[in-house]
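*Asks:* Each chain, letter by letter, is given below.
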Amino acid sequence: MTALQHVKLGTYYVVHLPEADDFDFWRERARALVQCDVPPDRIAWVEPGGSGDLFAHGERRMPVPPMDAKPVRANRRFVSLARNAILHSDPERFALLYRLLWRLQSSPRMMEDKADPDVRRVEELDKNVRRDSHKMHAFVRFRLVESEDEEVGEHYVAWFEPEHHILRANAGFFMRRFSNMRWSILTPRGSLHWDGETMSEGPPAERHDAPGGDPMEDLWRTYYASIFNPARLKIGAMLKEMPKKYWKNMPEASLIPELVAGAQGREAKMVEKGALEFEERPDTLAAIDKAIHACRKCPIGSLDNHAVMGEGPQDAALMIVGEQPGDQEDQIGRPFVGPAGQLLDVHLEKVGIDRRAAYVTNAVKHFKYVQRGKRRLHQNPGAKEIDTCRWWIESERAIVKPKLVLAMGASAARGLLGKTVSISKVRGAPIPLEDGSELWVTAHPSYLLRLEGPAREEQARLFDADLAAVKTRLEELA
Amino acid sequence: MAAQTILQKLEILADAAKYDASCASSGTAKKNSLGGKGIGSTEGMGICHAYAPDGRCISLLKILLTNHCVFDCHYCVNRKSSNVARARFTPQEVVDLTLAFYRRNYIEGLFLSSGIVKNSNHTMEQIVEVARILREEHDFRGYIHLKTIPEADAEIVHQAGLYADRVSINVELPTDSGLTRLAPDKDARQIEGAMGKVKSDLVEAKDARKRFKHAPRFAPAGQSTQMIVGADAATDADIVGKASRLYDNFRLRRVYYSAFSPIPDASAVLPLKRPPLIREHRLYQSDWLMRFYGYKPSDVMQATEADGNLPLDIDPKLAWALKFREAFPVDVNRASKEQLLRVPGLGVKAVGKILASRRHRALRLDDVALLTQSITKVRPFICTVDWRPITLTDRADLRSLLAPKAEQLELFAA
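Chains as they are written, first to last, in full-length UniProt numbering: chain F, 1 to 478; chain H, 1 to 414.
The following block holds chain F by itself, in its conformation from the complex:
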């Protein structure tokens, strides 16, 4: 071959690269060497700071390609991989790329052979570099340095330790993103400075050249801790994407051990607040009676009061549900014995419903009140409290299995439906319940007690009409 005239047989060439990431320099040298037909095992590539002494006796002058040398072939795929792979910190990368380029001359499609060890290796290098770049985009953390000088204004400085020679290659990303901001990225391999118009490079830096903190980091840490869902701890998934080596330069990472350690406790607390769902249902009325006396699931249970259990036949076709026991019910321990209960009895008798045949109970089992002197004033239970107590009314329904449930008042309706409804809109017609029974809603008798004159007469008439409808429906269902 003609090239041999220019290459001394057995010469060992040493190529010193001016920069570790200088692809264009490598390409130019590699092209000449291929054209001179220098095989891969006759070249040593030395990067700055590399072990060049080993090759002190090598030939440092480059061979001159013959005039009629064939052009060097490299496909686009190779060039794009090589551009990235050369940024890798593996000292063997230059030799690997040269070997690939060398082999490409005789088998131009070899880059497609993914099972070839050289192809696999260069793809691996490329992947590592792309990942490192991606992590740099993600994990660089700027800290604000406020200058006294008005002219200079805000300056954002970051300290980052990339694994490969990727700093220069990624300057463009940060420039495009923060083009109207003054920033610097300092790394052990060099630094970048952007003043809003031009990019400049600086020497390698050390950690203490960068600021040690930023007031905004407290907010960022707060965000990091709050957005984390302790119910789904997946530490492996986090470590895979955010390996520990990056942690030391990320302000939020200092929280991780604490968050992980606290997660179980936080989840337990979340579950405990909704803990009723996770218990077993009592299967007899006696068991419910016993359990409600011990119930402290909502604040009402902790007042000075007694739980009041429902009463009536265990196989009653009709279940009547009120809001909660009142002062007298609490003292006597039976539902609907106070003024509202007495009024209810009057109306039930009037339409011909036998209270003794019905199961009478309340949506909330304990009496909620505020103390005013010697008197305990009735307080409406909150939606949350009713929802909590639903557990018991559902348990009672599961045992008694009434065909028809009559809810008196909005609280009772919520206790059965789980949502607040307007009495005037839903009264007078059945609402199907999930277990196949039906719900009728009417006003609470204590509502009647609070009214006077024609308004009371009107409401009493409506109440009677509701009760009468229930009676008719019960006879149909029987």
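In short, the hints are calculated from the structure, not lab data. Using N, Cα and C, we set each Cβ at its ideal position, and we do this for glycine too. Treat the hints loosely; a few may be bogus.
Facing chain F, a subset of chain H residues (Cβ under 8 Å, in silico) [unchecked claim]: (1) K37; (2) G40; (3) A100; (4) G178; (5) T180; (6) K186; (7) L365.
Following the hints, put chain H in place on chain F, whose structure we already have.
*Replies:* Frame of chain F, contents of chain H only:
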């Protein structure tokens, strides 16, 4: 009560936003801040700026404008009847926070949602106002994802799409009956109507840009939605069916699944155990099968077990392969791309490498091993020049051979 600090508000409103699964910042139009007066860029690929110990990516500042809400959806921690701490940001506060975080490279942008205050229109206007200040006053060119409220006027929702990279409307639950029961204030038809409107806006804007260079962009990263898994009785087959209808009807970019997780102050209407997290994972796998592997929804449904749910111990692709053993083994040197994509253990990348490599050599088992993650998983389903799984595919215990080994659970595992 003393006025809340930004820090306290952030704590409450980030906490309230964490049940939204999406944090994606990918797939939008390329833009950067060169020549502008602000900051920000999006270059196609999303960036996860941090990962929380729950393994989820933190890409966006994901917060609620407020967690006050007039709705009473039982699965939601912010429902009216819940007694969580409440807070409210002003639009300007959200803007300042977003920019401060963005300048320090903590985030890719903002994902803003909100509880409903006053009424739907008022709330939606506030959300749009945040995006307007960011885009118009600060020339912010980062990523913005706005949650839109289906009950709000179409005109305001349209405005949101003009500022945002992505808009989303949550369908919340896979079945209409579930929605009626658990989200009494929401209406399935209204939600789908709003999604349909966004779709037509997307199509229209895309068409306009073909004809007029300066036609305004409308949500270049498209629309997405989220479904809660395990809060109602819907099976995986129902969910997959619903998701594929949504993909077809509304050209969604993504359907997110969020496993119902115990929320503080849960409503009593949810007499539920938390669904295993792995169920959510299996649904995402099936989503991938439909989006990248050419499976039809009916294929995924065939992989479900008798109860309509995907098996939890093995992935849906393996489940399908075990049910249709007659489709295997597949010859890696001859089979079509579609056939190779059905082989358990071969991903889209591995299939691409096999197709490229087999033009150069007849693949042996060792070659395939270099191209895949785990040859043991693939082996029973393929033939190579030197390998033929004679007995394996007929073995009744193949499933137990391939299923990942059961792990001893930690006593105090979370």
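*Asks:* Compare the structure with each hint and give your call.
*Replies:* Results of checking the hints against the structure:
Hint status for H:K37 relative to chain F: holds, with the closest Cβ pair at about 6 Å, below 8 Å. The criterion of a C-beta within 8 Å of any C-beta in chain F is met by H:G40, whose closest approach is roughly 7 Å, and the hint holds. At about 5 Å, the closest approach between the beta carbon of H:A100 and any beta carbon in chain F falls short of 8 Å, and the interface hint on this residue holds. Annotation: interface hint on H:G178 violated; nearest CB of chain F at approximately 13 Å, more than 8 Å.
Interface hint at H:T180: violated, since its Cβ lies 11 Å from the closest Cβ of chain F, which is beyond the 8 Å cut-off. This hint is violated: H:K186 has a C-beta 12 Å from the nearest C-beta of chain F, more than the 8 Å allowed. For H:L365, the interface hint is violated, the least distance from its beta-carbon to any beta-carbon of chain F being 11 Å, above 8 Å.
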